[in-house]
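Each chain is listed here by its residues.
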Amino acid sequence: MKSHDDIRGMLPALAGDDLSETDRARVERHVADCAACRSELAALRAVVQAVRTTPEVDSPPWLAARIMARVREEGAPRRRWWSRLFMPVPLRLPLEGLALLVVCVFGWYLIQDPGRSPQWQAVAPPAQAPGGDVFKGEPAPPAAEPLRQAVPALEPPPMSAPPPGRAPVAEPVFAPPPPPAQDATVRMERGREVSGALPAPAAAPQPAVPEVAPTAGLKAATNRHTSEMADRSLSGVAAPSLRLRLAVSDRETFPEHLRDIAHRLGGTVADSGPGRGVVRVEAGRLPDLLDQLARLGRVIERPEGALPREGSVSLQVLW
Amino acid sequence: MSASANDRTDDLSLLAACRLGDTRAFEQLVLRHQRRLYNTALRISGNEADAAEIVQETFVAAWRKLGDFRGEAQFSTWLTRIAVNLIRSRWQQDKKRRERVVSLDGLNEAGNETPLQVASEDPSALDLLERSELRTLLEHCIGSLDPGFREVLILRDMREMAYEEVGQILGLREGTVKSRLFRAREAVRDCIARGMRRA
Chain V
0 MKSHDDIRGM LPALAGDDLS ETDRARVERH VADCAACRSE LAALRAVVQA VRTTPEVDSP
60 PWLAARIMAR VREEGAPRRR WWSRLFMPVP LRLPLEGLAL LVVCVFGWYL IQDPGRSPQW
120 QAVAPPAQAP GGDVFKGEPA PPAAEPLRQA VPALEPPPMS APPPGRAPVA EPVFAPPPPP
180 AQDATVRMER GREVSGALPA PAAAPQPAVP EVAPTAGLKA ATNRHTSEMA DRSLSGVAAP
240 SLRLRLAVSD RETFPEHLRD IAHRLGGTVA DSGPGRGVVR VEAGRLPDLL DQLARLGRVI
300 ERPEGALPRE GSVSLQVLW
Chain A
0 MSASANDRTD DLSLLAACRL GDTRAFEQLV LRHQRRLYNT ALRISGNEAD AAEIVQETFV
60 AAWRKLGDFR GEAQFSTWLT RIAVNLIRSR WQQDKKRRER VVSLDGLNEA GNETPLQVAS
120 EDPSALDLLE RSELRTLLEH CIGSLDPGFR EVLILRDMRE MAYEEVGQIL GLREGTVKSR
180 LFRAREAVRD CIARGMRRA
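So the sequence lines, in the order shown, correspond to chains V and A. Under numbering that gives the first Met the number 0, the letters of the first sequence match residues 0 to 318, in that order. Under numbering that gives the first Met the number 0, the letters of the second sequence match residues 0 to 198, in that order.
Among the clues, some could well be false.
Think about it this way: if two alpha-carbon atoms lie no more than 20 Å apart in a straight line, the pair counts; the simulated SDA-like pairs of lysine to any residue are [claimed, not checked]:
1) 177(A) to 5(V)
2) 177(A) to 71(V)
3) 64(A) to 9(A)
4) 1(V) to 16(V)
5) 1(V) to 21(V)
6) 177(A) to 15(V)
7) 177(A) to 193(A)
8) 177(A) to 16(V)
9) 64(A) to 12(A)
10) 177(A) to 4(V)
11) 64(A) to 32(A)
12) 177(A) to 35(V)
13) 64(A) to 19(A)
14) 1(V) to 35(V)
15) 177(A) to 67(V)
16) 177(A) to 6(V)
17) 1(V) to 178(A)
18) 64(A) to 27(A)
19) 64(A) to 72(V)
20) 64(A) to 69(V)
21) 64(A) to 71(V)
22) 177(A) to 39(V)
23) 177(A) to 45(V)
24) 64(A) to 67(V)
25) 1(V) to 39(V)
26) 177(A) to 51(V)
27) 177(A) to 7(V)
28) 177(A) to 23(V)
29) 177(A) to 21(V)
30) 177(A) to 22(V)
31) 177(A) to 19(V)
32) 64(A) to 13(A)
33) 177(A) to 147(A)
34) 177(A) to 166(A)
35) 64(A) to 6(V)
36) 64(A) to 63(V)
Some chain V residues close to chain A (C-beta under 7 Å, calculated; not the full set) [claimed, not checked]:
37) 43
38) 53
39) 55
40) 59
Hints in this document: simulated from the structure, not taken from any laboratory. Every residue gets a Cβ at the ideal spot worked out from N, C-alpha and C, and that includes glycine.
Use the sequences and the hints to build the structure in full.
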């Protein structure tokens with residue numbers, strides 16, 4: 000049995016019809032005998048009725064337009080981070096998996112060959128312009144060796160062993176490592192050749208040859224390389240490491256002049272063919288040979304750096 | 000299917016379009032819910048300008064977080080919860096407004112509630128009664144309730160929401176909702192009685 004105070008505490012609930020049937024019957028029985036509770040219940044019912052019948056007011060007419068203006072400013076609704084990252088799953092997951100695989104393979108590749116990164120540093124700075132002064136014998140650019148590694152496809156494949164009578168001098172590819180000075184010369188030449196063959200990275204920063212398309216440069220280099228390889232194959236002789244390329248006005252009489260000069264300097268002309276020949280002289284006569292040959296035409300390419308000072312050398316002359 | 004169920008289905012289909020960035024679908028939701036939401040915000044905040052601003056912020060927040068709405072509750076319930084949270088944030092930022100609110104009790108979740116009190120010195124109530132505006136007096140008394148009680152009274156008696164829904168919006172247990180509701184009714188009754196006696 001509930002007390003009067005308990006019943007009074009339930010009146011607010013009864014006023015809003017928020018009591019169970021059992022409690023409602025119990026409270027109503029008490030209220031029927033209690034004038035104070037009846038009065039209070041009447042007041043509470045009036046309050047609840049008044050609250051529930053409070054008329055709704057219209058929202059400001061501009062409200063919806065202002066809301067939508069803000070919403071349009073917001074753009075598309077934001078998705079959850081995982082939704083943005085992975086949804087739609089059939090499209091995102093394979094792509095993200097592939098990207099992860101590529102990153103892993105690339106990372107593994109870099110880890111396996113830590114010395115590879117200098118290649119890109121070597122390619123990045125502007126290389127010497129092909130049309131620059133090739134007579135100065137400038138020191139080999141540091142990019143030469145890395146470039147040789149960077150372009151293994153242009154490296155000549157192993158050829159047949161040199162003939163028994165030929166010394167493997169100045170042949171870094173097929174022979175044991177030459178002396179340091181010669182090695183430097185060889186590297187320089189190789190690097191220059193390869194850097195000329197590289198179209199975009201080495202030639203791009205050079206405004207001196209804007210008319211030459213990168214692909215044309217690559218094509219020319221490839222043709223030249225192929226031609227040299229063909230020459231070597233035909234002759235069966237390992238190519239000399241020193242090379243002089245000349246532009247001559249009279250190609251027919253040039254071989255005679257070449258032989259004369261070689262003979263005067265105590266050397267011989269071997270492996271002569273159309274547009275090429277190999278002059279063998281003592282290393283000490285090489286500067287004179289180069290000077291005299293340079294008078295026969297315009298030098299396009301010549302050996303750079305320190306020339307060998309001892310022994311016999313072979314100079315490939317191209318015209 | 001009842002009208003409420005139809006509305007809910009319509010809300011869900013519009014929400015699906017909204018998630019694809021369809022602002023027209025969202026505009027339909029705004030037009031459908033803005034009036035009730037505005038009235039709720041107006042009764043709880045007691046200020047038309049604040050109510051309009053809260054409704055606007057509520058819909059913008061809803062648009063931003065559509066991905067968070069899982070459809071377990073009604074969209075209107077979710078909107079109301081956002082609005083209530085915005086109003087509560089404003090209350091916390093505006094301490095002065097709370098000073099003129101009649102303190103009902105300590106709003107203690109543990110149930111240690113102190114006796115109800117209505118401000119004894121309230122000249123505005125007398126002024127309102129002198130103009131015989133009982134409705135205005137009622138609104139004034141509702142506005143004088145402690146926010147925690149006012150929220151329950153408005154959501155239950157004005158919006159006629161179920162106890163469970165009110166509890167979802169306010170983050171309260173059903174027993175707490177009932178307790179606050181009944182005490183709020185008594186407080187409003189006392190406020191009106193006091194105002195009428197002064198008149």
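Checked hints:
1. 177(A) to 5(V): With a Cα-Cα distance of about 16 Å, the restraint between residue 177(A) and residue 5(V) holds, given a limit of 20 Å.
2. 177(A) to 71(V): violated (41 Å)
3. 64(A) to 9(A): holds (19 Å)
4. 1(V) to 16(V): Distance ~19 Å between residue 1(V) and residue 16(V) Cα, so the pair holds.
5. 1(V) to 21(V): holds (13 Å)
6. 177(A) to 15(V): Given pair residue 177(A), residue 15(V) holds - Cα atoms ~11 Å apart, limit 20 Å.
7. 177(A) to 193(A): The hint is violated at about 24 Å.
8. 177(A) to 16(V): holds (12 Å)
9. 64(A) to 12(A): holds (17 Å)
10. 177(A) to 4(V): It holds: about 18 Å lies between the C-alpha atoms, which stays within 20 Å.
11. 64(A) to 32(A): Judged against 20 Å, a Cα distance of about 17 Å means the pair holds.
12. 177(A) to 35(V): Not satisfied, since the Cα-Cα distance of roughly 23 Å exceeds 20 Å.
13. 64(A) to 19(A): holds (13 Å)
14. 1(V) to 35(V): holds (16 Å)
15. 177(A) to 67(V): Violated, at about 37 Å.
16. 177(A) to 6(V): holds (16 Å)
17. 1(V) to 178(A): holds (18 Å)
18. 64(A) to 27(A): holds (17 Å)
19. 64(A) to 72(V): Between residue 64(A) and residue 72(V) the Cα gap is close to 15 Å, so the pair holds against 20 Å.
20. 64(A) to 69(V): holds (14 Å)
21. 64(A) to 71(V): Answer holds: residue 64(A) to residue 71(V) is near 14 Å, not above 20 Å.
22. 177(A) to 39(V): holds (19 Å)
23. 177(A) to 45(V): holds (19 Å)
24. 64(A) to 67(V): holds (15 Å)
25. 1(V) to 39(V): Holds, because 18 Å separates the two Cα atoms, which is no more than 20 Å.
26. 177(A) to 51(V): holds (16 Å)
27. 177(A) to 7(V): The hint holds at about 15 Å.
28. 177(A) to 23(V): Cα-Cα ~16 Å, so holds.
29. 177(A) to 21(V): Holds: residue 177(A) and residue 21(V) sit about 17 Å apart, inside 20 Å.
30. 177(A) to 22(V): With Cα atoms ~15 Å apart, residue 177(A) and residue 22(V) stay inside 20 Å; holds.
31. 177(A) to 19(V): holds (13 Å)
32. 64(A) to 13(A): Holds, at roughly 15 Å.
33. 177(A) to 147(A): Since the Cα atoms of residue 177(A) and residue 147(A) sit roughly 12 Å apart, the hinted pair holds (cutoff 20 Å).
34. 177(A) to 166(A): It holds: about 10 Å lies between the C-alpha atoms, which stays within 20 Å.
35. 64(A) to 6(V): Roughly 46 Å separates the two Cα atoms, so the pair is violated.
36. 64(A) to 63(V): Roughly 19 Å separates the two Cα atoms, so the pair holds.
37. 43: With a minimum Cβ separation of about 5 Å from chain A (threshold 7 Å), the hint on residue 43(V) holds.
38. 53: holds (6 Å)
39. 55: Status holds, d = 5 Å.
40. 59: Result: holds, 5 Å to nearest chain A Cβ.
When held up to the earlier numbered hints, the structure conflicts with 2, 7, 12, 15, 35 and fits the remainder.
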